[in-house]
Structures are given as structure tokens and as C-alpha cells.
Amino acid sequence: MAFYEENPHKIDSADIVAAIPSFSEAEGIGYVVEQVDRGLREHFGHLKSVIINCDNHSSDGTKEAFFSAPGQVPRMYLSTPPGVRGKGNNLRNLFEKVRELRAEAVVVIEADVKNVQPLWVKNLAEPILKGVGYVCPLYVRHKYEATMTSSIIYPLLRCLYGRRVRQPNVGDFGFKGKLAEVFLDSPVWTEAVQNFGVDIWMTNIALSSRMPVCQSFMGGPKVHRVKDPYAHLNVLFQQVLSTIFDLMMVYADFWKQVKWSKPTALFGTDVHEVDTPIPVEVNAARLHERFLEGYDEHSATWPRIFDQTVVPKLQEIHGMGLQHFSFPTQTWAKILFDAATAYHKMNASERGTLLDSLLPLYLGKVLSFVKKTERMSLQQAEEYIENECTIFEENKPYLVKVWE
Amino acid sequence: MPKILVVDDEEHIRLLYSEELKEVGYEVITAESGYRLLETIEEEKPDLVVLDIKMVDYNGLDLLQDIRNRYYDLPVILSTAYDTFKEDMKSIAADFYVVKSFDLTELKKKIAMALETRLPT
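Protein sequence lines correspond, in order, to chains A and B.
Residue numbers in the first sequence follow the working numbering, run continuously in steps of one, and reach 404 at the last position.
Residue numbers in the second sequence follow the working numbering, run continuously in steps of one, and reach 121 at the last position.
Chain B with its partners taken away, still in its complex shape (with noise of 0.2 Å):
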């Protein structure tokens, strides 16, 4: 069962990733800031990281490069309510972005690819 790290400071996202999620078979765990993030990332291996751009303490995007520099190919999909963030350049390192809404189609779609992307190793 893949494991999705589901990065987020409002609670009612976390909440409703992490439920729906897991309804269509994933198992999901959750944080509430960037604090320690890839200490958490090392620790509980998730195949996939969707991650809040505007966190109150942490910006996404840095947390993004963070990321891409340690684990070249751990999937990162962006999750957004504004489409801003696109004008900064940082944002191609991630895998996909989605605009936060309450219907979840197109994150589990972009998740379902992310999951399937193949690349010899």
C-alpha cells in the first residue's frame, strides 16, 4: 500500500486528504508545519509528498528544493489555493501542483501517476 506524506498547516486539509486518501487505499500520514521534514521523510520513507505551498512558517517551495536535492525522485505534488507560485522558477522541481478544493478527482489523479511514472533504474 503506498505511503503518502501529506504536508499541511490547516488541519481540515490534513483531515480531509488523509480520509479520502485512504479510502481509495492509500496509507497516509501527516504533518502540520515543514518542521523536521526530512527528518520525517527519512524516517517514515512515504512514497509520494503532497506539500502545502503557503505554510505559515515555511515556504513549500524552499521545502521543495530541500527535497529534490536529498531524494531525486521522491514525488512531490504541490498543493495550492492560489496559481501564483507558478512564476517561481523553484516550482518545475516538483512532479504536479493541484489547486486545494474540497473535490479530490484531480489530486488522486495526479497521485495515481506519480505513483505510476517508470523510469529504469
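Just chain A, same shape as in the assembly (with noise of 0.2 Å):
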């Protein structure tokens, strides 16, 4: 149960959840709340609906900015204690919540976006009254957008669970009240789910439920209002791949069953205009510096962790100037298969050596997809990653095989 709740128009039924988490969003949530209250009453006028701000005990003047925001839908307030961070316990409290209101489908849309529109809140609603059970939204992005996605989380979910999600852990989905229990019932509640990791983890969830999952294009990009992808790039690097490893360990026996994968049903083709992804700058040059960097570092540890071919290959790779720069996915994919198999027979205090000791590889894969990719068109770099993916599936059966 949320360790504060308002909740000043007594609401204790509700077809639709739409939620809000947040943290020290005063100055965005107002924003968010009326263009979520108009996509309600826009599209579901004729369904029961509540708007819930799940925060993080904010001091800004969060919940107040929350209530006094424009719109006619009613408002519910939940926070955990003070001092208690992290999207996670935002969206433990959200669960809790929505069992006992019983929603049939809720809608999580994050507090510092820019450019929310009424539509997002149809796309992700709409397709859970139709009977699935998941909805990941497809924003437009660069392609060099979110590559911790593109290098790791959706090759790595698809080729273990079977469904093509392309954007797994954007942080705004749509799911069927009923997988609030399942979320709550899940044997996986670490540290790392309660903040970076709890949107990879639902979706990892969502997948291995069996329920349909559906994916909705929402016709432009997502903007942060301040964003640095890499201001907190280790800690949502080790959050977010640990809670992937966690959880391999708990739905073995499912994903050792899956043989290629699947597409999945696509939801708001009808959006007529498509905005431009939001330019993305990489320097190559520092990736570069980071994978050496990395390398002297870690490389030490690499040999009790990957197969006797990935160590000389990634000397070879360490040997390669930026020009001639090169990481094969097929080298790539057998270091994560074999990270993960280590990280399920380790003891926990090891762990977090082992995941530090992939963050510069993973930047060297970045750097060799970006100079791979950089004459590329993003439709061509979609086709590239989707080439990728295909690698991860065929070398699926190493990782079945080193895993037992």
C-alpha cells in the first residue's frame, strides 16, 4: 500500500488507469495531466476514468502542480515514503492500486515529456479494451537513439522470448489491469527494479505471461524535457541488464523453448503525419577512448567470464584503430549469452564486477554501429539491427547449451 494517499473524489472503481510517475516534476506534470485528461475524455468519455500521480514524495510542489492542472477527470495522488525513490515503488504503489480498482486497462505515460499528445493515450489504451494484454509504444527515433535498446535489449529480449518489442523499455506502456497481479506477484524485486530497471522488467514480464502484446506506433518522438542520455549511463546500464539476467534465471524454462521469434500486432497505422526523429550527435572519438579505457581495466576479468574464443577476438578488436574499428554481433552476442550464463552461476557480491566489466564493451559495439551505420539512412539501420537480431537467433542454441 502507498505510504500517502489523496484521493478527494472517493474513487474506488475505474475502467481506466492513466498514470503519471514522478519524481520533482512541478514544473512538467500540469502539462502531462491535461493532455492525458483530453485524451480520456476524448476517446474513452464514455468509460470510467482516473488520472493517478504516482511520486516519489516529491518537496517541488509536484502533487499540487498534479491537482491544480486544467482537465475534468478525476484525480488520485499516491506516494511512497519520504527519502523512497525510484519509478519502481512508484509503480509497485500503481499496482497495488490499480487490483483494487479493478481497472481493465491502464496507461503509463512519464511526467517530463514535452510532447504528449491526447492520441498517445488512445494508442495505448485502445488496444488492451480490444483484448491485449501489453502495449509498448513505437515512438520515431534517430538511429542513434536509445543504443542501449538497439545493441542489447531488443536482440537480446527478442531472441530469448520470442516477440519482436523494438522499444521494450521506452517508459510509457499500456497494460490489462489483471498483469498488475502478475507484476506484484513476480519473485524478481531488486534495487534495480525499483528505479531504472522496472521498464524492461514489465515488458520481460509482460512477454514471458503468455498474454498478446501489441506494439503502437505514436507517429513522432519522444522529448524529454531534460534529458542526457549518458548522465547516468553506469547506473542504468548495470540496473537495466541486471534485471534482464535476474529474470532469465526465473523464466528459464520458458525462453530455452523458443525458436526464432515473432512479430507482433502493430497498433495506430492510421497516424497521417509522421514527425522527423530529433537529431542525435555521437562522438565516435570518445567511445574509442572509453572501450581502450575499459579494456585496461577489465580485461583481466574477461577470461573467467567468456569463452576461450571472445578473449583473443576482443584483442583484436582492442588492436583495430578508430578508422578500421570493427565489433562482430556474432562476437557480441556469445559475450552476453556468456555474461549471463556467469552471472546465473556466480555468487551476487561478484555481479557487479562482471556487469561492470561489459559497459566499454558495450561501447565499442555502439562505436562499430555507428561507423557502420553512418551513411546509413534510419530505415537502413532498422534493416542492419534487424540482421543483427537474426545473428542473436542463430546463436541461440550456445547460450541453451552453456546455460545448463
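Don't read these hints as lab results, they were simulated from the structure.
Any given hint might turn out to be false.
[As the list claims (entries may be wrong)] Cβ-to-Cβ under 8 Å is the rule here; a few derived chain A residues that face chain B: (1) Gly162; (2) Phe254; (3) Val258; (4) Ser261; (5) Pro263; (6) Ala265; (7) Thr269; (8) Gln379.
[Stated by the list, open to error] Covered stretches of chain B, as calculated for chain A (at least 3 residues, CB under 8 Å): (9) 18-27; (10) 61-74.
C-beta: ideal position from N, C-alpha, C; glycine also.
With the hints in hand, could you dock these two chains into one complex?
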């Protein structure tokens, strides 16, 4: 149960819950509330809706900004205790409230998004009301946006769980109310899940729940108020990867049965005007430097983790200059498969070192991707990623073998 | 024997696909347009659909949406003479795509992969 709750309209049931998780978002939450309110009234005016702000006990006036934003849909405020942070903790309060309200559909939209539109609410909630279990949005993205998704999360989740969900940890989603129960019952509730890992944790659980999953095209990019993609890279990397690896242990019987992958249904294709992605600049020289620095720092760890064929390959990659830098996808797939297996077999206390040692390799893989795709269109870069996913799928029998 | 439905408005393509796929052991049925396609799928219960994207009266990508909305897991392979369709988001709901050719090696490979795909139920 949430530490603190304000329910001025005494809401005790709802068909649709629209949730806005937050921490210190007084400046931007009003706009999000207004757009979500419009979306609920324009598209689901015949249903009983509530907007819930799931907050980390912000002291900047987030709660007041939430309640004072224009709109007509009833609102509710939930909060963690003072000092307890993390989107995961906010969403746990949401899951409990969804269960209590017996909601049919739940939509989650982040509080710091600058360009939310009422249509987003429709595209995330409507598939749920039509029988889908979980909806991931598809935003328009530049080829160098969300490189952790392109190079790790998407190929890994796709080859493990067999569904092609392109943006599985984008932060916004729709889900069937019944899935809240499944989330609350998950045996994995780590510090990582309570923080950055929660988005991938939800998608991962949804993919293994056997409920239909779909993707909804949103027609444009997602623009955060302020977001430096490298601001929390180390923590984000550790939390996301450890969450995927932790869940691999829980769902091993599921993913071992999966062969190849299948597409999902697609919603929102009637969007007429599609915005262009926001350009993303990449500093290739800096990525190369960080790869080399990380190599020096962590290469002693790798022989204990990776197959004997990987380390010589990494030495070869290390010897390449920036101009000819290339990180083969097959090597990358093997690295992630070996790392997941080592994580599974080692003591919990050693896992942090393992995850730290993967970060420079990830940066090397990103550099390789940038070099291979620098002259490619967005479409061509997407095809390149699809081919990389096929390489992961082709090499999956290796993972099954080493895991056992 | 897996049953494959080939939907294409060009007769020579239907004949070519039909003969070659039968030769490698598939049962093949054909449709010359998207007319009543969902009803055909309901009646014939194919294991896989090979779908032309550009037909005279039908857009294969719209048909793909209809199929996917009703048959969540039915494998669909898009068959096309041009790859410009990839700019359309709807194409990601297909299992695979192939460029039309008289050499059906790629199509046969994709069919085998799609039929081998296994997810726990």
C-alpha cells in the first residue's frame, strides 16, 4: 500500500487508469495531466477513468501542480515514504491501486515528457480494451537514440522471449489491469527494478505471461524536458542488464523453448502526419577512448567470464584503430550469452564487477554500429539491426548449451 | 503436411510458387486477390500465408493488418517486387519479407524458419 494517498473524489473503481509516475516534476506535470485528461475524455468519455500521480514524495510542489492542472477527469495522488525514490517503487504503488480499483486498462506516461498528445492515451489504451495484454509504444527515433535498446535489450529480449518488441523499455506503456497482479507476484523485486530496471522488468514479465503483446505507433518522437542520455549511463546499464539477467533465471524454462521470433500486432498505423526524429550527435572518438580505457581496466576479468574464442577476438578489436574499428555481432552475442550464464552461476557479490566489465564492450559495440551505419538512412539502419537480431537468434542454441 | 496460402494477383507467380512449394512437400492453396481473405483463412486454416503487397485492388499491408488483428500468430511472409514498402510501419507486423524472384531459395528458407518458430503456449 502507498505510504500516502489523496483521493479527493473517493474513487473506488475505474475502467481506465492513466498513471503518471514522478519525482520533482512540478514544472512539467501539469502539461502531461492536461493532455492525458483530454485523451481520456476525447477517446474514452463513455468509460470511468481516473488519473493517478504516483510520486516519490516530491517536495517541489509536484502534488499541487498535479491537482491544479486544468481538466475534468478525477485524480488521485499516491506517494512512497519520504526518501524512498525510484520509478519502480512508484509503479508498485500503482499496481496495488489498480488491483483495488479493478481497472480494465492501465496507461503509464512519464511526467517529464514535453510533447504528450491525447492520441498517445488512445494508442496505449485502445488495444488493451480490444483484448491485448500489454502495449509498447513505437516512437520515431533517430538511429543513434537509445543505443542500449538497439544493441542489447531488443536483440536479447527478442531471441530470449521470441517477440519482436522494438522499444521494450521506453518508459510509457499500456497494460491489462489483470497484469498488475502478475507484476506484484514477481519473485524479482531488486533495487534495480525499483529504479531504472522497472520498464524492462514489466515488458519482460509481460512477454513471458503469454498474454498478447502489441506495439502502438505514436507518430513522432518522445521528447523529454531535460535528458542527457549519458548522465546516468553506468547505473542505467547495470540496473537494466541485471534485471534482464535476473529474469533469465526465473524464466529459463520459458526462453529455452523459444526458437526464432515472431512479430507483434501493430496499432496506430492510421497516424497521418509523422514527425521526424530528433537528431542525435555521437562522439565516435570518445566512444573509442572509453572502450580502450575499459579494456585496460577490465580485460583481466574477461577470461573468467567468456568462452576462450572471445578473448582473442577482443584483443583483435582492441588493436584496431578508430578508422577500422569493427565489433562483430556474433562476438557480441556470445559475450552477452556468456555474461548471462556467468551471472547466473556466480555469487551475487561478484555480479557488479561482471556488469562493470561489460560497459566498455557495449560502448565498443555502439562505436562499431555508428561506423557501419553512418551513411545509412534510418530505414537502412533498422534493417542492419534486424540482421543483428537474426544473428542473436541463430546463436541461441549456444546460450541454451552453456546455460545448462 | 503444412498448408500454405499464396495470395497474389499475378497468375504466373501463383503457378510458380505453387509448383515449387508442392515439390518440397507443402500443400499449397492460392487466392488471386484479397477478396474475402479472412474468410478463406477461416475456412482453409493455412499454416502460413505468402502475401503479395501490391495487388490491383488490394494493399497487402492493409490485409496484413487485418490478418494480424484476427490471427495473432499466423505466419505471414510479404512478397514484393520492390522494397520501398519497408518505409511503411505496417510491414513490421510480417514475419518476413522476400523480393519476388524465379529463384525461390530465399522464400523456402523463410517459410521453413517461420514454420519452425516456436513459442511456449
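Now for the hints, and whether the structure bears them out:
no.: 1; hint: Gly162; result: holds (4 Å)
no.: 2; hint: Phe254; result: holds (5 Å)
no.: 3; hint: Val258; result: holds (6 Å)
no.: 4; hint: Ser261; result: holds (7 Å)
no.: 5; hint: Pro263; result: holds (5 Å)
no.: 6; hint: Ala265; result: holds (5 Å)
no.: 7; hint: Thr269; result: holds (5 Å)
no.: 8; hint: Gln379; result: holds (6 Å)
no.: 9; hint: 18-27; result: violated (count 0)
no.: 10; hint: 61-74; result: holds (count 5)
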